[in-house]
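Engineer: Need the complex rebuilt from these two chains, each delivered in its own frame; the hints are there to steer you.
Take a look at the letters that make up each chain.
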Amino acid sequence: MSTSLTTFNRRSFLKSVGGGVVVLFTTQPRFSQAQSHGAQKNDLPFNAYLRIGEDGRVTCFTGKIEMGQGIVTSLPQMLADELDVAVDMIDMVMGDTDRCPFDRGTWGSLSTRVFGPELRAAGAQARYVLLGLASRQLGLAVEQLQVKDGEVFSRADHSKRVSYAALASGQGFVSDVSEAVAVKTAADFRVMGTAQLRRDARDKVTGKAEYTADVRLPDMLFARILRPPSHAAKLKSIDASAAQAIKGVRVIQDGDLVAALHARRYLADRAVGLIKADYEISEIDVDENSIYDHLMRMAPEGEQVAQGGDLSKGEQLAKDVFEETYHTAYVAHAPMEPHTALARWENGKMTVWASTQSPFGLKRQLVSTLGLKEDKVRVLTPYVGGGFGGKGSSSQGVQAARLAKIAGKPVQVAWTREDEFFWDTFRPASIIKIRSGLTESGAPAFWDYRVYYAGARSSELHYDIPHHRTMAHRRGWGAPEGSHQFATGAWRAPGASTNVFARESQIDIMAAKAGIDPLEFRLKHCSDAKFIGVLKAAAKAFGWTPAAGPSGRGVGVACGIDAGTVVASMAEVEVDQNTGVVAVKRVVCAQDMGQVVNPAGATIQMEGCITMGLGYALTESLHFKGGDITDLNFHSYDIPVFSNLPRIETILIDSKDPDPHGGGEPAIINMGAVIANAIFDATGKRLFELPMTPQRVKAALA
Amino acid sequence: MKEMIQFTLNGKPVQLEEDPGQSLLWFLRADMQLTGTKYGCGAGLCGACAVLVDGVAERSCLMDLNAVANKTITTIEGLANGEELHPVQQAFVENDALQCGYCTPGMIITAVSLLGENPSASEADIIKGLDDNLCRCGAHKRILKAVHSVSQNTTDGEKS
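Chain order of the listed sequences is A and B.
If you read the first sequence in the numbering used here, its first letter stands for residue 1, the second for the next number, and so on.
If you read the second sequence in the numbering used here, its first letter stands for residue 1001, the second for the next number, and so on.
For the record, the hints were derived by calculation from the structure and aren't laboratory data.
With a cut-off of at most 27 Å between alpha-carbon atoms, the simulated DSSO-like pairs for lysine-lysine come out as follows:
1) A/K247 to B/K1002
2) A/K524 to A/K433
3) A/K524 to A/K656
4) A/K585 to B/K1159
5) B/K1012 to A/K208
6) A/K208 to B/K1071
7) A/K540 to B/K1159
8) A/K536 to B/K1159
9) A/K349 to A/K405
10) A/K513 to A/K698
To give an idea of the interface, some chain A residues facing chain B are shown, with a C-beta separation under 10 Å as derived from the structure:
11) L197
12) D200
13) L267
14) R270
15) Y383
16) G385
Part of the chain A face toward chain B, derived, beta carbon under 7 Å:
17) R198
18) R265
19) G608
Don't be surprised by glycine CBs; every beta carbon is placed ideally from N, CA and C.
Bound conformation, chain B alone (with noise of 0.2 Å):
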């Protein structure tokens, strides 16, 4: 049932006997006290629970512990450099681009994906990455403008 299942977890090597079938979201947030990472559906539907997997966000939620063996899970506990902010946590500062703060992990590692795919992301490229983040308290706004700011690109966006 349990299987040796190695990774790579906010730059720290994990290896555990564990259940290869649990998900990755109840393992990072009940198991390792990586609480940053939130859960909001369960079913991949509202990306509170992303984490970066070898750089590029996935839905904790859905995916099997199994599923990142051997590979870099970055948690947005794993972001900053000490106390300096990645520069897109400092975005969203500064901008004011959260309220409850619950998504706020999920948009931010969304974000960070987004950008390291497309350094110079436009705003309608920012609002497609983003498009299947959801944000109940309506801060859309100022994410999109928390993010556009840290792009390479300098056009600016109409929205935000």
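So here's chain A without its partners, still in its complex pose (with noise of 0.2 Å):
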């Protein structure tokens, strides 16, 4: 036990719960690695704990959140085989600081494959305890007992029974046994594996559903924040005098954050745009075109991250030799929510409502930068309306901390779609250079591969190459001070989008140059079981006829893995020779990730990140001139929309791998290459950059 849980207060953790039986499940390296990872003292050290109410409820308590990626609905499905109860007992608390274990944040595929297995074992366990306690009342072994519905009974007389609510009636004690208790096995799964619905579907549709903006305390003020004209302005004074003639409008200044508050919304608006502000503002000339010299310019010095065989000796195998070079552009979050925040400072105790994939995260920034104490500090999370890796930052949740405490009252910062896009953490532009050769038969005979700015996700070579090296000049997020004029942070699937887009792109070339059909060049030198599967199930569904790339009908492939998942996809498309618009027909994306909790919510990922990954192909590319965001608003970043929409189509192989692995993620990586991959069987031309917008595709046709 550590020494966290030993003096941890059972009976006001109890009392602040609401009693009934309470199951805490502990690992014992939990702690330490959640300190690693920046658990503060009062953050509950137990990986999960569940509930069992008077009323026979399920109540589990995670750190997790639900921004739409559907663990709301799935993670209940887990507990609901588990413990033997129908998934409707099941209620959820999400992302509450002070009454969920510490969860280092939700990002990176991690709920399902990371988290489920150890709320699993809480289940499993809650089960285990309640058991005992129906063994106790009803003077029967264990053995002799069966539970269905929350209810259990004797095997041989079902008439002797009890519920868990009449357990967990009067009880009011927590359990922390550490005993392992096995979970079930997929042949005992009722819920796990069938499609639900979306729980919070009906919430959602009648407006009832509640988002950090939504939350509502009284004599809240609303506050607009002044956005400087540039990441490279420097604040010098402020004139807030004819903002300040509005009655009831407070101006807040606090060192660089300057606000105009009002307890209207329109009120502040309109004060905040009153707002005169002098700023000192240094930029470096470089623009959305120019980025991509000074970024190697400023290049950090490359790490070896994979090595296999020895390159030289693959240079003199190779007949043919490519050495090309890719890029792949900033690109937004654009979440449709915008970051938000609710603070209220109240007795020495800090409480922030916020839109955020991070509450510990945020509660850690929280303490750091308002010199609480851990125990004054308080984040909730309400449903968050989006994040793809966006919301791991949660500047906004300062930003209404710091402007509450000054100004006395609860204070929400909502970003306008101008902030969010100027305040973002865009993905990373990026460059990789590939050299690669073909032998005399047409084999790969050597890759050496080197990614700038975006980490090594999903770089992993899964083709039998003999003579390969990966280096990556910054494995993750830091870049050189000057490298980047705006902050930068992980976009869906971080870096995998851009390693897939270049090395399927690469794959491509050598199997055009080959003379080979690009899915038969990649089986042949691929020895991956899931990787053939997936390719092969992808190829069944599409309907792909084998011919050496360009056939001029439009047709790509391209694969990868991603937070454990192989994913393969295939697209058509119809390029517009005059225009250069790419008109993508049809994506089929076969995915394999082992144990499905929820086919439907899994189904939904892929066909979100499907969709969602259109933009990054074709559409979305960040325009700015040094520190000057000039895409504020959709009137110029454009995301895929209704008539980009391909008919779609998903499947989900059950390769009988009993562990889960990544679903909201993987199925995006793949979007650029495939795109790409189509654009050059159409046409004979092949694209290095994304977005492929009709003007680089003209370019490349001319």
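Structural biologist: Laid out in structure tokens, this is it:
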């Protein structure tokens, strides 16, 4: 038992969650791991806990949050099976740092593959505890008991029974026995593996679902933040007299943070527009076109992430050598809900409701920024309106808290769309350089891969190439000072879309040179059963007929692995030779994600990835001049719309892999590559830069 | 500065002395606590803030309060008949036609307006009618299917 658990006050904890039977699930390495991930002293140090109430309802407390990815449905599915209760009997409390166990953040497709097994173990343990209680109450050995729909009964005599509700009544105890209780196996699943409709749908279609901007507190003020003209701008002075002439307006300046506040939102809007501010701006002359040269000049040293054979031997074996450079642009997250927070400063405690993917991360930031004790900060997370990695950063929460402390009233900070584009942590612009070769017989001879600024995720080479090396010039997000002119960060499957675009384009180039059908080339040089499985499944659904590229038909293939999930995509495009416009007619995607908890939810995520992926492939690129972001709304930043929608077919492969892998990100990683390869197949021309805008397509065709 | 404005909101008459130049969106969300209508862009580009004005979907972020004087406004909260969902709402539930749900009220309001004008909307009509409503999660395929399922047009859509 960790030190923190021994000091953990069971009585006050039980009181705070409302009694009943509370089952904690803890694994020993958990707490030290949590500490290394930034858990603070008062964070609950167990993996998960469940409360069985006197009404028989089960409440699951988790630091994960719901942002559309569907765990509000799939996590209860897991519990329903482990506990033998109906899904409808399970309530979720998510992302509340006072009531939920520490969680690092909802990202990386970790909820099902990493948290899922922990939650299932907690469910199995809770069932074990309840069976023990029933055994004592019924005077029967546990082995003689059976559970169905929250009722424990004797196998021999079904009239001898007691419900979870009755077992929980008047109990008021916390159980943290850490004996390993076996979870169920696939043969015993009733709910896992079956399609469940979203549980949050009714609230979301009626407008009842509460997002951060919908939370109301008495006396709250609406704040509008004064946005600087550029990330390179330093505030010198402000003149707020015109703004303050509006009755009830308060203008707050706290260092570089300037905001207009009012009890009526529209007046806060008016007031912020009247604040005059002087800035000192020293801008670097770089924009979306010159950025790649700039980034290469600033490039950090490479770090070897994979290596095999001997590149110089590979070069000797090669008859044809291909040396290409790939570029991918800065891309915005653009969730429909901009970052929002509501902060209340009361009795020395800061409570912040926030649209965030990392409530505990925000809590930590608040503790350090405001200099508060850890138990004096609480973050709550209502429904989040899309994240895609962008809400891992929650600076709006800090803004709201700073303002609330000064204003002495609750303050809502709801970023405008312009604020959202300005303060987003964009997918970094990246460069990939590949040298590769084919032998006399048309087999891959070597592969020399360098990725700059995107990190190494999904750069794994799943092709049999005897001599290879992969170098990442910065493995993660940190980039040298002065390289990016604004914040960058994780964007749905960070780095993967960039790496897959480059690798799968290069493989296509090699297949075309070898004169082999691109699917056949991939199958021939890959010995991974999962890759072969998804490629064949996609080909079957697509009706792929072999032909060496370019065949003129406009079909393409790409494959990759992300978050443990292997995914193959095929696409059909039409290219308008006059306008350069690419219409994606059809996308087929086959995915092997191991154990599938909610096939409906997994399918929706695949469709979402495919649809969202059209954007970074074809239209999305952030425009800027130095630190001045010139795309501030959807006038000029085009995300996919209904008329861009291809026919989409998705396939989930049952490979009998008992472990769950990622679901929220994998299907997006192939979209740039599969469309680029289909454009090549249609036109014989290859695009090396994303997005593949009409101008770039026309230039390639000229 | 303030004027007397009256209109019908979700079936109930409203009479207020208010600044007529304020945006309908913030009035609904911040002052009437009708938070189902969402802010997405403030520029009429995303449709998250759509409400029905005399049965037709309008972008409330672009409308001043005086533009709805003497009109009938229905927000997402006013669509269902008690516990009974509007057929378009029901279709969204049954087709899993949402993820984060933030664009959903605007999508539903726009679809109701579209089907009000054209009860037999084809898949192509629906695509055209919803093309200025943005969804970032990529629920488009299911939204299309949901709306089409309510249309009297029974030809199968290619994409849904």
